[in-house]
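Could you slot chains B, C and D onto chain A? The hints should help.
Protein chains: 4
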Amino acid sequence: MGQRFDNISTWLNTYECTRSTTEWICEGLEIEDYVVQSHPDVSPAKWHLGHTTWFFEQFILVKFLKNYKCFNEQLHLIFNSYYKSMGNHWIQGDRGQLSRPTVSEIKHYRQYVNASINELLTGYLDEKARMEILSLLELGINHEQQHQELLLMDIKYNFAVNPFNVSYLTENYPSSYPCSASYLSVKGGLYQIGQSGIDRFCYDNETPRHKVHIDSFQIRNSLVTNGEYLEFIKDNGYNCPDYWYSDAWALIQSQCWQAPLYWFEKEGHWFYKTLYGEQAVDLNEPVSHISFYEAAAFAKWAKKRLPTEFEWEVASQELALSVSNNFMEKRKFAPVLSQIDFTNDNHLISLHGGLWEWMQSSYHAYPGYVAPEGALGEYNSKFMNGPMVLRGGCYATPEQHYRSTYRNFFNADKRWMFSGIRLCKDNT
Amino acid sequence: MGQRFDNISTWLNTYECTRSTTEWICEGLEIEDYVVQSHPDVSPAKWHLGHTTWFFEQFILVKFLKNYKCFNEQLHLIFNSYYKSMGNHWIQGDRGQLSRPTVSEIKHYRQYVNASINELLTGYLDEKARMEILSLLELGINHEQQHQELLLMDIKYNFAVNPFNVSYLTENYPSSYPCSASYLSVKGGLYQIGQSGIDRFCYDNETPRHKVHIDSFQIRNSLVTNGEYLEFIKDNGYNCPDYWYSDAWALIQSQCWQAPLYWFEKEGHWFYKTLYGEQAVDLNEPVSHISFYEAAAFAKWAKKRLPTEFEWEVASQELALSVSNNFMEKRKFAPVLSQIDFTNDNHLISLHGGLWEWMQSSYHAYPGYVAPEGALGEYNSKFMNGPMVLRGGCYATPEQHYRSTYRNFFNADKRWMFSGIRLCKDNT
Amino acid sequence: MGQRFDNISTWLNTYECTRSTTEWICEGLEIEDYVVQSHPDVSPAKWHLGHTTWFFEQFILVKFLKNYKCFNEQLHLIFNSYYKSMGNHWIQGDRGQLSRPTVSEIKHYRQYVNASINELLTGYLDEKARMEILSLLELGINHEQQHQELLLMDIKYNFAVNPFNVSYLTENYPSSYPCSASYLSVKGGLYQIGQSGIDRFCYDNETPRHKVHIDSFQIRNSLVTNGEYLEFIKDNGYNCPDYWYSDAWALIQSQCWQAPLYWFEKEGHWFYKTLYGEQAVDLNEPVSHISFYEAAAFAKWAKKRLPTEFEWEVASQELALSVSNNFMEKRKFAPVLSQIDFTNDNHLISLHGGLWEWMQSSYHAYPGYVAPEGALGEYNSKFMNGPMVLRGGCYATPEQHYRSTYRNFFNADKRWMFSGIRLCKDNT
Amino acid sequence: MGQRFDNISTWLNTYECTRSTTEWICEGLEIEDYVVQSHPDVSPAKWHLGHTTWFFEQFILVKFLKNYKCFNEQLHLIFNSYYKSMGNHWIQGDRGQLSRPTVSEIKHYRQYVNASINELLTGYLDEKARMEILSLLELGINHEQQHQELLLMDIKYNFAVNPFNVSYLTENYPSSYPCSASYLSVKGGLYQIGQSGIDRFCYDNETPRHKVHIDSFQIRNSLVTNGEYLEFIKDNGYNCPDYWYSDAWALIQSQCWQAPLYWFEKEGHWFYKTLYGEQAVDLNEPVSHISFYEAAAFAKWAKKRLPTEFEWEVASQELALSVSNNFMEKRKFAPVLSQIDFTNDNHLISLHGGLWEWMQSSYHAYPGYVAPEGALGEYNSKFMNGPMVLRGGCYATPEQHYRSTYRNFFNADKRWMFSGIRLCKDNT
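Chains as they are written, first to last, in full-length UniProt numbering: chain A, 1 to 428; chain B, 1 to 428; chain C, 1 to 428; chain D, 1 to 428.
Extracted from the complex, chain A is given alone in its bound form (with noise of 0.2 Å):
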């Protein structure tokens, strides 16, 4: 462990980079559109500016910053976001409630810790303090990576519930180019997952390194299409209980769900509200903004089955011979199927900077897993309960926080991520 943290000024300048990329993801936002939640799940943008930069302060800074003075000790109980080991924090579905600190504040925020972090960086440090701090330095940008995906989940969330057609981007709709639909085989073993977390950064979640069997089974190149999900829309999909779960059923009954999140149906057509304001649906796209449940029953009618994480994690290895280039700093913000991708049959498509991808495993720690000692040990250990785990990544996902083995979680119910669908099935 430990090469990569040997230049200080290559990680101030990650650093900078990724702080200002956060900024530069709401600078068309007007003040008003930092201070709304318009659901529970989603966070004011103003707040995810705000958390970021409190978790900097409070694992690196108020640790290792000689006399280092918050900007302001009332913040912690704002911007704390679960981790109960640093105390009393704000409820999450009431971060709406809060007009201050106002967006002027939280940007002085951003300076005042900034200019700490150089202060630190560019000061003295003996070898075990470099590296405890780039070590958290590196978790700190990891983690605003992953806001930087949040901001554009919650910023979609927030301008589709105002019944004003608000658009985040004001470019043309990117569309998409049609794509066939082929099954890849994948060998059946005895293979290794996950990662050692030493060499290069991974999550806790991902480690330790070890083996799982699985069964040979084939698995699509593509992900599933617009078109072909409203196949199953118009299949009566929705009303036939046989494709649910039980709790996917009565979920869909009693929230009257017909198709997926941000649809809607005008004269006949259907329609989609995207970062680029209203949209006729795209066919060739691939669907997106099921929740897992949604995912499961198009499987369960399509006669085919969700991967489990292992699958996929051996089948990105051993199939993904070249990746998708749609990440997040492309600023193409739909799961846009580009030509690029269909020049070689034996691949999967859309791997990375498509969607996320729903897998049959629910979120548990790896076999010989130990949590982070202290609050950091809440970052991922806590939900290690049995959430749904995607795989992959999107196009709202920074292209350095790609990884095969990353694993994200979300319940099963869920569907404001940029989420979507990859069939399997098995060899007969």
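By construction, these hints were calculated from the structure, which means they are not laboratory data.
Be a bit skeptical, because a hint or two may be false.
Because identical chains cannot be distinguished in the list, a pair is counted as satisfied if it fits within a single copy or across any two copies.
[As the list claims (entries may be wrong)] Pairs of lysine-lysine residues, derived as DSS-like cross-links and limited to a Cα-Cα distance of at most 25 Å, are as follows:
hint: 1; residue 1: Lys-187; residue 2: Lys-211
hint: 2; residue 1: Lys-266; residue 2: Lys-84
hint: 3; residue 1: Lys-128; residue 2: Lys-69
hint: 4; residue 1: Lys-187; residue 2: Lys-303
hint: 5; residue 1: Lys-84; residue 2: Lys-234
hint: 6; residue 1: Lys-84; residue 2: Lys-303
hint: 7; residue 1: Lys-304; residue 2: Lys-425
hint: 8; residue 1: Lys-211; residue 2: Lys-425
hint: 9; residue 1: Lys-84; residue 2: Lys-304
hint: 10; residue 1: Lys-84; residue 2: Lys-300
Leaving out everything else, chains B, C and D in the frame of chain A:
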């Protein structure tokens, strides 16, 4: 009816005054403060700015100004509060989900409508149109005055929720003089209640004028103070079911109420959130922000009772030799007892300009009441199924809005309005 | 007060009669029918049997019968309904969770208390004790009579929930005669309302007798029929917000109400669940099982209004030349209109013995009302915060329980009681 | 497959045995005890009697017995539990609202179906029909055995809610011997998990047999005792967020959990409700009625972990030299530790016949799993979206129902089943 509608320019002046007063109330707010809705009963400040404007647009301009083009057709959905006959409207509790229209757009909306009202009123109007328009304008002005008070209620609530000690006002908190309590007699008999609604403005719910018999009774000159209410708290008032209605007891148990809204205890001392930030509770000041349930429980504990709205109206006309002058425009935003109140022993102190007083009366139509035709019939009549009546007015009520026949009403559990307690008792 | 308390043996007889009537009501029930609680407002039949017994035990025997030993101390928790000053009590909505005590144990409890009451009343009692005991016995008898009606309400509800067509009665459903509607005039003036509470029994809430001024008005001779109510339904009454209070509209939208309780449509025809099983709706019969909200909406649709409780009390005394005789003991458990009602044009039909009539009055204390000391003060007074008043009586009210001053009350949304609509209108 | 289906008369005998065992469980109940449903998860005893009967009727008689006439067509609505493809069914949480059918009617229903099964099995059946019928009969018998355990779970819950100290059993509570804890090693490697489903009965969810790799680990011989769990409680385990999953912490905070279900403190001592009435907590006895959340929190506090279902299955086959014999038919309805368990150091104690053991595994389909066609596909597969797995069996599980491959499952927050904790740890 109608002499008061002879002079158009006076009305235009009053209109403009009222409109700018609303904006004056919002002057110190940050953009973020206009957006939040920290409770379903509370509306964002920017919503009040828009809704009051919509009222003039929909009820006057759309009907009377030739070729009038709505500022933005889509605003109708957002700024219609509850007029079912005007079409769909946004859910009240979800107003805080909307970042758009922005404050700046709403200010343009206000200017646009102001200019159009000016155009309408300075153009040619025949007698009939003038009478009709000015009558609606008068209603719209009174409507906006109601929302001025609501704005202050809602700003107070939104600020109080914030864990930072945010102040709407930076001046010193006004302190109260002590006031002795005495009971004044009112003779029984048959009295006229309400108004004809012809010579001066009143809401439809104050009409028709009709006879009510009341028995002789005694009413207290002054409102119950924080000091007296604290005695009730210390005597375990919130934990003894004897004082509480059955519904009230269920409520305070489930909500863990132990004091008025905005009160909190710190190291054995009571404080409250005010529009001037956090303050030590002033024991001389009339108690405020109590629900009907608390008012009634206090009265029972004190072996007194609350007056009916008929008793109150009679008493206010018989006994109120001079009224308090602590109206909204004075910008003394606390239920302060000034020395001037004590010049005469035989009158009701703080009758207007102190706090709304909870009545032991459910809000129903007066005998012979007829609701206005059309959407404006919804203004008052659809709430006449028994919420509790409050009488008087408060320090956030505009001066011209006071009237001894005025009937305010809220559900028995609400307490974010500026409400207080006036006791009375039977002659024995 | 008190002459009526001279003859102990008459009272003992009345007591025994009342007690055995309660059991007579339950005669046809299966054991299982005594246990269920199909709605939080509804109580299991066995609970009524126990609670009415507990009332005599706690308020009379424990205090007056020397060496009285409670049947079972633990029953206190279960059978105390809501008397906070009597200690903890089981949650009302959870009464159906208790299989024990069994029906058989409760019947033993009844016998045990009956024997003890007999012992008390046949033993020596001085004048003071006799007066006090008989006064409480009278209250207990009236209390049990109230529960006889509640028993029938609750049995009806529990049976109606059952998907099987369960009948409480096996006789033929009694059919109604048609009845023409006319309006009778009542003169305005100052009237005496309520009772002194001295010469004959009444509840505390009917006292003190006091003066109320009413304007002249007209009241309809007969109740609104199912046929008339069906016109309201067909005229889209449940889907037009104009007729409904704001709270009512929210309720019927969220609950999807489209007809009175117990009504259901089958192949284009309306049926209802009755105590005689499922029946085609009888158009001549007065409409029943409607909430205050529905009564008020119907009245608005019909361009009439509901009477106040004061108007009703005056009218019932001025105009009710003869009362209906369809009381509980007749066991004709439907709001049937018999021919005998029509002998005189100038009286109110079905005043008693038909259906409880919703008043446009919220339930409050009369002027000068003083609640009894102790737990019995909770009997009525803690509900005097504004539920809606019903007047009259119904086919499930025991004969001796009728009184023109009687004040029944329920929340505006309830409709499992035997409630109906009597209209009135202003003189113009 | 199928040799076990050669002898019809053996199957008829097993059928009759199972059916009468169900009735034997209910023998001591009062009629009232059959009716109540004191929690939405719990069903009335009479419902279990009816539903198990309905299962035989619908899945066998309706299809195979010529001219079979259903006992009562209306029962279908009531006794269909959750088979959507069988038509509408009554809401699970509302089963306690139904007084009818009565217990007596349901007993007739049982007899009627028993007679018809007898008729079917004693009549002529060709090979194919016999195989199909007996296969379904076997499933129905296993289904009824599951409900025997559910009956005991639900009776316990219904009795425990009752404030009276009601006992299902009148014998003395069986006391437990102390048992030392040791950890037994299991070797890592590739193991076969599950069954083929051909030679002997198993549920579809135990198939197909497939390979799983596990690392070597150690598993504790005995279950965690009440005494050990009490240490966790005393160490403030329920009030320290470190031990709890995020969801779990939210739950125990909102529900104020401070001990296992059925535990209560009286004068500083812990008691619990048992099927033998209230008892002092036996410290030697394995702790029971804990949720997955509590099991996981205890494990974290103890610096151990829960096994996965694969580890457990392997361990149970490698190490369980002898199984406990505390199965349901013994009628020792407590998780008692008898002396016989300690004869051998190297085996797992209480593996079967003690308590269900919570696994660190979410319930999903095994690789290659195919759900049965038709309604029986709903039996297990629609719950395979991640509830938590329990393994083993308990003192209320019928003897023939034990199997090391058996997969029980409940949501992580449930604790009215007879659940306990077996710890394991990694080799280091």
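Structure-based check of each hint:
Proximity of Lys-187 to Lys-211 under the C-alpha cut-off of 25 Å is found in both arrangements, the shortest distances being 15 Å within a copy and 14 Å between copies. Only between protomers do Lys-266 and Lys-84 lie at most 25 Å apart by alpha-carbon distance; the minimum there is 24 Å, versus 46 Å within a single protomer. Taking identical chains as interchangeable, the C-alpha atoms of Lys-128 and Lys-69 lie at most 25 Å apart only when both belong to the same chain, with a minimum of 23 Å there against 70 Å between chains. Within a single copy, Lys-187 and Lys-303 get their C-alpha atoms as close as 21 Å, which meets the 25 Å cut-off; across copies the closest is 38 Å, which misses it.
Taking the shortest alpha-carbon separations for Lys-84 and Lys-234, only the inter-copy value of 21 Å comes in at or below 25 Å, while the best intra-copy value is 47 Å. Taking the shortest alpha-carbon separations for Lys-84 and Lys-303, only the inter-copy value of 20 Å comes in at or below 25 Å, while the best intra-copy value is 44 Å. Within a single copy, Lys-304 and Lys-425 get their C-alpha atoms as close as 5 Å, which meets the 25 Å cut-off; across copies the closest is 37 Å, which misses it. With identical chains, the CA atoms of Lys-211 and Lys-425 are at most 25 Å apart both within one copy (22 Å) and between copies (18 Å).
With identical chains, the CA atoms of Lys-84 and Lys-304 are at most 25 Å apart between copies only, with a shortest distance of 22 Å across copies and 42 Å within one. Within a single copy, Lys-84 and Lys-300 get their C-alpha atoms only as close as 40 Å, which misses the 25 Å cut-off; across copies the closest is 16 Å, which meets it.
When the structure is compared with the earlier hints, no violation turns up for any of them.
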